[in-house]
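Heads up: the protein sequence lines correspond to chains A and B, in order.
So the first sequence is numbered by the working numbering: it starts at 1 and just counts up by one.
So the second sequence is numbered by the working numbering: it starts at 1001 and just counts up by one.
For the record, the hints were derived by calculation from the structure and aren't laboratory data.
Some clues are possibly wrong.
[As the list claims (entries may be wrong)] Quick list of in silico lysine to any residue cross-link-like pairs, SDA-like style, CA-CA up to 20 Å: (1) K733(A) - G1201(B); (2) K1208(B) - S312(A); (3) K134(A) - D429(A); (4) K331(A) - R298(A); (5) K796(A) - F592(A); (6) K102(A) - L54(A); (7) K1208(B) - L54(A); (8) K478(A) - G1057(B); (9) K102(A) - K155(A); (10) K733(A) - E1226(B); (11) K1208(B) - G514(A); (12) K1208(B) - E570(A); (13) K536(A) - S312(A).
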Amino acid sequence: MGRQDEPSLLPSRFASWFAARGWAPRSHQLELIDKARQGRSVLLVAPTGAGKTLAGFLPSLIELSRAPLPSPGVPPGTERRRKRRLHTLYVSPLKALAADVKRNLETPVEEMGLPIRVETRTGDSSAAARQRQKSAPPDILLTTPEQVALLLAAKESRELFGSLERIIIDELHSLVVSKRGDLLALDLARLKAIAPSPACVGLSATVREPDALRLWLGATTARGSKPVGGSLADLVAAGGAAPADLSILRTKTTLPIAGHITSYALPEIYAAIRAHKMSLVFVNTRMQAEFLFQALWRMNEDALAIALHHGSLDASQRKRVEAAMAQGQLKAVVCTSTLDLGIDWGDVDLVINVGAPKGASRLMQRIGRANHRLDEPSKAVIVPSNRFEALEAEAALEAVEEAAQDTPDARSGALDVLAQHVLGVACGDPFLADELYDEVISAAPYAKLERSSFDAVVDFVATGGYALRSYERFAKIKKGQDGRWRASTAGVIQQYRMNVGTIVEAAMLKVRIGRLRAARPGAPAATGILQRTGRKLGEVEEYWAEQMTVGDTFAFAGEILRFEGIIEDEVVASRARAGTDPKIPSYEGGKFPLSTFLAARVRAMLANPSSWAKLPEEVAQWLVWQDEHSLLPEYEGLLVETFPRGGRHFLVAYPFEGRLAHQTLGMLLTRRLERARLRPLGFACNDYGIGVWALGDMGLAVAQGRLSLDDLFSQDMLGDDLEAWLAETALMKRSFRACAIIAGLIERRHPGHRKTGRQVTISTDLVYDVLRTHEPGHILLRAAREDAATGLLDLKRVAVMLSRIRGRIRHKGLERVSPLAVSIVLEIGREAVFGEARDEMLAQAEAELMQEALS
Amino acid sequence: MNMAMSSLPLARRQCEIRIGADFFIADASGALWHEAERTLVFADLHLEKGSSFARRGMLLPPYDTTVTLAALSATMAHFAPRRVVSLGDGFHDGDGAARLSVDCRATLRTLQLGRDWVWVAGNHDPRAPAGLPGDHAPACQVGGVAARHEPRHGAPGLEGEIAGHLHPVAHIAARAGGLRRRCFATDTRRCVLPAFGTYAGGLDLRHKAFANLFDLARLQAVVIGERRIHLFDAPAVIGARRA
């Protein structure tokens, strides 16, 4: 606060500009100016609406406004002009954000008459503009991580970045959790090696471990000195925002035990939309978005302008929705995480989070989308879709009240990203292995990288890194007489430029309107050929499209479509007759698994009946019934129930580790039960528990001591059983595909010809099989394995859980399904949960099961 | 007893199919066998595909030729053919044979010893592979059926046709999700063989390239599973519109 007494921090020109706008500089803005004077790197943690971006740029504007300039009135050329050099580099995860920041910067630049040129550079910039930016850079360049990598791989990189004074990284909290963050960290290390001593500023939402981000940014290093590992940027935290006005939606209808579509709360959701100016309705998956959008329109008697926004929609359609939002033409937008980040699209005064929030930090980020004025509370409601989600919503509510965060742990840098970086460096600026290794380990995610791994990556980039050294003559990078590695041909450089980046989209198929036409007049319809006649609606994942058969109906882009077939890289679909219920797809499962933090809170709540008072009555009652008929899950331990049902034997466990971990656990458990000759038939899971059903009586086997639950859930399942499963799972192949593309083993596109996702999928699967057989220790398999551990398979969480529950497993043999198990049993055969008729069936099944549980 | 023991796995690994006026065995390896002529036909080996990609900067694991030749050796050991027909695209490109490693070249030469070997020309290898024995021909006959790399347009003549080139795979929609497997596609007039090569990709039977080749009423896919082969009729694999 004391800094506000130092008006000298803000030059008079800036002070009067603030005054003219009726603003006072905020303390964190002044603090950043002060830090800049001392040449410090800073992490600025601030809530939305705190003037974070301006704070980041003020020091640059001030420094640039002071640079020597030709005096006015002197004809150009008669006085030595300041040669424009790149002063500030701004990196944002979204290119739309770069454009938005440019607009916001233009205001002070123009109003104060500052001689500053600000430009954006994204994949959309023209080739001419991008070329010019290399030879005649602006003062401030606003860009994305991929463009930074490309600029660093250019011959001009030293010239371009040699004068860099400041690097601003926006939405740092969202970047550091991904491979894009790894790439940016490596690029940052490179920039620090090129520029004498740039100050780095990270702009971030509140996070659990600010130190991890401070370490990621690193302290400013003095000119010429070696980077110091493990040094921290300074921390500046802006004052907190007004506490959010957050509540859980209470409805007239009873909360269902299972299901994910929240149709019970539709009237209340609709009423809330009607009562507010503009609402953002967040859901967790594209399918939920499609369903909710359809359902809201069916009841939309007031013809409210409700739109749909998700990542699979065609870009032009998304842009239309965004523009309409910005102009205030919409009443509500049903969206997925595509609108979690970024620009203020309009005057949102209510956020509705439909379904469980899955993570407290994610929820806070979403709440921040409402009302971007710091001093007014953001208003948000959570709509749980079932009783477990009600527990989760309550836990999230408390976490938000305490401002407790659950952002993920710091990453360890991915090897495939490192491979891409090594190739990039070799393209722009031939490197010595020793020097580059030192530079790489100065980047926080790679601080623990072993030299042997680094060398293996260099070897991979050069010749594939195979024991069979048959590709020396095709080497992509070669070590010269000077000991420096450089790209061997211009073709390699072009290949790098075409493949830069870490975002690998799932193999996608376009969805286009069309239909099956008879090949010859009078021929049977079955011999017809598919014709694409209509417009492109968007894209769907290939693996999802491939499970459909002709005639299946599904909801997409706000319409009900009938699947006609796949031709080349397109799904052809026709419009279904009005009133058709979409049959496929089922709910795909939450994209984000329940966070460890929220899971722990839910377990704590379950174990403590005195906390149930704040829960909806039917939820509290449900827990009381569970207590009466079985046991309550304990905070640390694992409850395992067994019961017979419908001629099958069930085993239900409640680890609360999220869907991905449960799926992995389910695969491993069924293998072990198979070996114990209990003949498992299948398993189902949700974020909270897992149920396995079998022909063998698992409860009896436990009672007779033939099956030990300690053995069944022992940590060694992550040994041979895991290996055997990994050999055959498609999930591992998906992980590998992404690594192979990022590392440059497989091209995403050829110059002049785009390779489709379909072709890439086929070849990486074949390559994976060959590599597994012949070089199981290959660096890319290691990379894929590390991804799977934290990604699709969530092995890390399975491991932590198995160690947590050791010696704490309680078995309860039951005569029939327990109240909690109802929610898991209902997950079985869940492909039927789409559409309202299905919903009734589900409700009926639920009532019957509950009856059974309580009988 | 011995016979019963050996016929069980045989029955699962093979399936008799008619092409033109003759009968053939579709083998789970992906090869086609003609008993009377003791002729083994396989399509699209794409040998040295890995090194072909490596030349263009994609350094795929250099084990594809070894793996393909091992599968070939096993199949040949089982059938002991008098004549072998490589139905085109034996090598991924015109220089493939020159890039063979010393070991792989020796393996291939050993396989060629003591039998006739026909290299049918493919679009990837229109010319005879350099330095390897065997006849080179645009097409040949097996059991009176024309065998060529690319299937001709439209319905084949009465003599029937054996072809490769298209790398057919069948997509089977299962409850637990889709399965994609290599397959023979046949309608008794024409049979398109699956690709034998390790890195050879696949083309879904629903692709338009297949649309005019088969009589859909008779189309069957002989699908290559993990340990055995499975037979599917057209609707299961091409999802023909239900009447």
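Against the structure, the hints come out as follows:
1. K733(A) - G1201(B): Distance ~15 Å between K733(A) and G1201(B) Cα, so the pair holds.
2. K1208(B) - S312(A): The hint is violated at about 26 Å.
3. K134(A) - D429(A): At roughly 15 Å apart (the allowed maximum being 20 Å), D429(A) and K134(A) satisfy the hint.
4. K331(A) - R298(A): holds, 16 Å
5. K796(A) - F592(A): holds, 15 Å
6. K102(A) - L54(A): With Cα atoms ~11 Å apart, K102(A) and L54(A) stay inside 20 Å; holds.
7. K1208(B) - L54(A): violated, 56 Å
8. K478(A) - G1057(B): The given pair, whose Cα atoms are some 13 Å apart, holds under the 20 Å limit.
9. K102(A) - K155(A): violated, 27 Å
10. K733(A) - E1226(B): holds, 17 Å
11. K1208(B) - G514(A): holds, 15 Å
12. K1208(B) - E570(A): holds, 12 Å
13. K536(A) - S312(A): Between K536(A) and S312(A) the Cα gap is close to 11 Å, so the pair holds against 20 Å.
The structure does not agree with the numbered hints 2, 7, 9 stated previously, though it agrees with the rest.
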